[in-house]
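**Student:** Each chain is listed here by its residues.
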Amino acid sequence: MKITDMTAVELAAAIRAGQTTAVEAAEAMLDRIRERDPVYHCYVTVDREGALSQARAVQEKIAAGELGGPLAGVPVAVKDNLCTEGLLTTCASRMLQNFVPTYTAEAVVNLQRAGAVILGKTNMDEFAMGSTTETSAYGATKNPWNPAHVPGGSSGGSAAAVAAGECYYALGSDTGGSIRQPAAYCGMVGMKPTYGTVSRYGLIAYGSSLDQIGPLTKDVTDCAAVLETIASYDKKDSTSIRRQDTDFMSALTEDVKGLRIGIPNDYLKEGLEEEVRAAVLQAAEELARSGAVVERFDLSLAEYAIPAYYTIAAAEASSNLERFDGIKYGYRTKEYAGLHNMYKKSRSEGFGEEVKRRIMLGSFVLSSGYYDAYYLKALRVKALIKQAFDAAFARYDVILGPVAPTTAPKLGESLADPIRMYLGDIYTISVNLAGLPGISLPCGKDRQGLPIGLQLIGDCFQEKKLIRTAYTYEKILQAKQEGYRHEQTI
Amino acid sequence: MANIISDETIEYVGILAKLELSEKEREQAKKDMGRMLDYIDKLGELDTTGVQPMSHVFPVQNVFREDVVTNGDRRDEMLSNAPEEKDGMFVAPKTFE
Amino acid sequence: MSKQYETVIGLEVHVELATKTKIFCGCSTAFGAAPNTQTCPVCTGMPGSLPVLNRQVLEYAIAVGLATNCEITRFAKFDRKNYFYPDNPQNYQISQLYLPICMNGRVEIETKDGGCKTVGIHEIHMEEDAGKLIHDEWEDCSLVDYNRSGVPLIEIVSEPDMRSAEEVIAYLEKLRLLIQYLGASDCKLQEGSMRADVNLSVREVGTTQFGTRTEMKNLNSFKAISRAIAGEAMRQIDLIESGEKVVQETRRWDDVKGESYAMRSKEDAQDYRYFPDPDLVPVAVSDEMLEKIRASQPEFRNEKRKRYKEEFGIPDYDIEIITEYKHMADLFEAAVAICGQPKKVSNWLMGETLRLMKETETDAQDLRFSPEHLAKLIRLVDEKVINGSVAKEVFEVMFEENVDPERYVEEKGLKTVSDEGALRKTIAEVIAANPQSVEDYRNGKEKAIGFLVGQTMKAMKGKADPAAVNRILREACAE
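Protein chains in written order, with this note's numbering: chain X, -13 to 476; chain U, -16 to 80; chain D, 98 to 576.
Among the hints, erroneous ones may be present.
Unchecked claim - Some chain X residues judged to face chain U by a derived CB distance under 10 Å, without partners named: (1) T88; (2) I227; (3) Y290; (4) I292; (5) L307; (6) S334; (7) L347; (8) A369; (9) Q373; (10) P404.
What the hints assert, rightly or not - What the simulated footprint calls covered on chain X by chain D, stretch by stretch (three residues with Cβ under 8 Å from a Cβ of chain D suffice, anywhere in the stretch; the number is not a length): (11) 190 to 196; (12) 308 to 314; (13) 324 to 333; (14) 352 to 363.
The set of hints was computed from the structure by calculation and includes no laboratory data. All C-beta atoms in this analysis are idealised placements derived from N, C-alpha and C, irrespective of residue type, glycine included.
In isolation and in its complexed conformation, chain X is listed as follows:
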């Protein structure tokens, strides 16, 4: 097998066995990037020199027996809203066009400790606000399955980089579906862990109460390996949770016997494309055939999740993004008359349209006279949504449904109508509101050949159930399709 065809875990094993080296792998990926990135534009920044020197250092440690985990020596791409010391971190915004952090996000530090080689920073929707990666100030990323289509977003660069073979795996962040939805559009595996499982330290915040970092990978095994590596209790993040059960690779077993799976009727209603619906129900049937108990049920409240989410996320974002003021770092306008004019011009020129739209909405819903009616109301609805999930998980181990109502739309179709774009988040958003883990994995393709994603949602801290179910389903697909592996696009 060519090393470029390997999964992350396979590559690490090959490096450990001396069949290849971290340096060869890094070089292969850098070649790929040189070849393909002009087409797909997955990266904002590629760190050639840095990647090679990291690879050499890691290889030495592997040779000396100091490193040997499932990701040692494997090249990774990191979403550009994760701070990396000495490496440009832009959030795909003009605002941070020249921002070089002096610290590294905890999740990335965890990867580095495990011997990861960072290739560069991936494109995204500006400040993670968007579902297509088209709001990037540095140009859109293209879907490797069909470059006329979007890769999804906001972690579109990360998902596309994995799909295009421009890295072995990538980190993304998920505030309302930003890992799971691009994973679905690009035919990859993506996971948003339980809130608090991965430290948010060094993640440039969008909606702090919703943001989680997670993996985008070629298969479920890689997903478990990456999550196991990045999950950690971090004293620097007050919302970090101390967990004893982060040995996620131990859940890579084919076993869904007796597993209770619920499919929310709410997730199959109008708006869902027929092909997506069919693929998702087909997947459920496969799991049932393997011994899972599959039922439909009414989750309720799904249609309230989007307005609640956009109120909360916009409110938090409006506050989180206040720090970008042209004084300490980032963009400062050239000419201004006084302090407030400098603020206004720097921010108006530094932020893109979608970011401004959400900041304005967020400032409005928190403003005097509206806080109770909008913000507190949304927090109350959030409590109801959490209750609805609690009730569901009293009956089911796993909730199964689509990731998005459609497959990847064409470039340029989504931004014109923001509300329609927001509606596309309907199946992913409640998971963030309730702090739950969710995984997205491929379950077929539509007639255009674009991948369809299957979403599995678990109760808090039940990632292992998701991994076990996803792994079982992946094996079913592999058995069905002779020689099926994670699908490469090219």
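Put chains U and D on the given structure of chain X with help from the hints.
**Tutor:** Here is chains U and D on its own, set in the frame of chain X:
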């Protein structure tokens, strides 16, 4: 559209959020915000009487650090991204009358 | 002025807590460091940084709350207060609005007629301080130093219960005393570790409704507070008398000009959009935590007053002065514990210490000499190793540098000469040199002996026991 956003509201939000919109952007913003608020108004359909607003999903509480100095002098790092600096300080437009 | 007006005042007092580190990061709070040398990603608002609460801040805030008879909120939260200003690195300040840590307290103050008055405390909340802005005259810009950014503050919000500047100052003195006794802050108005904003309105005497209030900032001395209260009350009365309305606004007091001006501009909407900070988790105060803090509360002034009277029997006047500052009281108690002579210790504090404090403009909390050294000095006098005037000399040096009096006396050769032969020799010389004075004494002029004692002490370079000099002189003159 039930929510009509006035020029004054956009101006006011601009002061709060420190954003300055062009004429064209302003009209778009009025329309977008009005539509979003119409959409958010859907939450009003739900009876949330007696429901406590939930800001944190998990009942995690009492996360503290001990009162021990752990940071040294990192001034150069903190200033390394400043658009302008002088005498070890960040430069801002004047704030005094 | 035909109508009688009354001034209604409430205070917002900010107190910098005496923690070693900032409220949300491990940067030092030490005063006077070079600009921005005590900063990190958290307190400069770098993207991706996150706050973690300093436990000591919570404990100090609760301790102050208990000392001011507050209810302690068992489930408290932090909120973000959003406003743009360069000294506020995140452009939001982490504070507490909805669930502050302490509520509904009260303190007793003494009024000028000797009575007692209760001032209600609406709430006490924890928050972070802002950085410092320095105006650069050359470039006509502002320079920002974030060393102070993130230094922990508590804000003590009183009810509008005060009616005069005297009451305001009595209230501030009371808070200062309580907080210093707790060791929670040094409460120095001049250095900004205690800051008061004054909310003031006026109304006709006899009415129960409050008038429209203004908030005054930038008051950094008791004098400035008194002047600002007088000035603002007058301004409001003038407005009302001339048929105008008082506008609810924030005003900045200019103590040099003796007037205030409105701070508000079009760009300050004063709409802070408070909401719970999602980066911080709630604080749940357990019974255990509360008991621990309650148990470690120090003895406050009133208890000390009582105990000093019973245990040490020193005069009330001394007690008042010694207990006014915790550091002074601590010094007193520690020195007494060593030497067992409360009155003598008190005399040193009331006499020389107060005199030197006044002369050198030193605050009681900045006194440098140790109780051990004071006790030693008292012993040296008791044992007649040095005499009183030498002791005063030594004390001056102790006050400055906290020298060990024993060693200092030794090194400088200040011991009283105990060799009576040498003393008699000197006295013989003095008598010989001053026949007139000796004659005067013999003729009954008691004053003359004083002169001769002085001459002898001078000749002995002060190192003689004055009692012995007196005795021998009298014997010698009588001969």
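**Student:** Using the nearest Cβ pair, does X:Y290 come within less than 10 Å of chain U?
**Tutor:** 6 Å, holds
**Student:** Counting residues of the segment 324 to 333 of chain X with a beta carbon closer than 8 Å to any beta carbon of chain D, are there 3 or more?
**Tutor:** Our answer is that it holds, as 3 residues pass the Cβ test (under 8 Å) against chain D, meeting three.
**Student:** Is the interface hint satisfied for X:P404? The criterion is a beta-carbon contact with chain U at less than 10 Å.
**Tutor:** 6 Å, holds
**Student:** Do the numbers back the hint for X:T88, that is, is its least Cβ distance to chain U under 10 Å?
**Tutor:** Hint on X:T88: holds, closest Cβ of chain U at ~4 Å, below 10 Å.
**Student:** At a threshold of 10 Å, is the proposed contact between X:A369 and chain U supported by beta-carbon distances?
**Tutor:** 4 Å, holds
**Student:** Using 10 Å as the Cβ threshold, decide whether X:L307 counts as touching chain U.
**Tutor:** Result: holds, 9 Å to nearest chain U Cβ.
**Student:** Please check whether X:L347 passes as an interface residue: C-beta within 10 Å of a C-beta belonging to chain U.
**Tutor:** Constraint on X:L347 satisfied, holds at 5 Å.
**Student:** Given a cut of 10 Å on the nearest C-beta pair, is the interface hint for X:Q373 held or broken against chain U?
**Tutor:** At 9 Å from the nearest chain U Cβ, X:Q373 passes the 10 Å test, so the hint holds.
**Student:** Counting residues of the segment 308 to 314 of chain X whose CB is closer than 8 Å to a CB in chain D, do you get three or more?
**Tutor:** Coverage by chain D holds for the segment 308 to 314 of chain X (6 residues, Cβ < 8 Å).
**Student:** Taking a Cβ-to-Cβ distance below 8 Å as contact, does the segment 352 to 363 of chain X have at least three residues touching chain D?
**Tutor:** holds (count 5)
**Student:** Would you settle whether the hint for X:I227 is holds or violated, based on the nearest Cβ-Cβ distance to chain U being less than 10 Å?
**Tutor:** Check passed: Cβ of X:I227 comes within 7 Å of chain U, closer than 10 Å.
**Student:** Can you take a look at whether the segment 190 to 196 of chain X is actually covered by chain D? Rule is 3+ residues, C-beta closer than 8 Å.
**Tutor:** holds (count 5)
When held up to the earlier numbered hints, the structure conflicts with none and fits them all.
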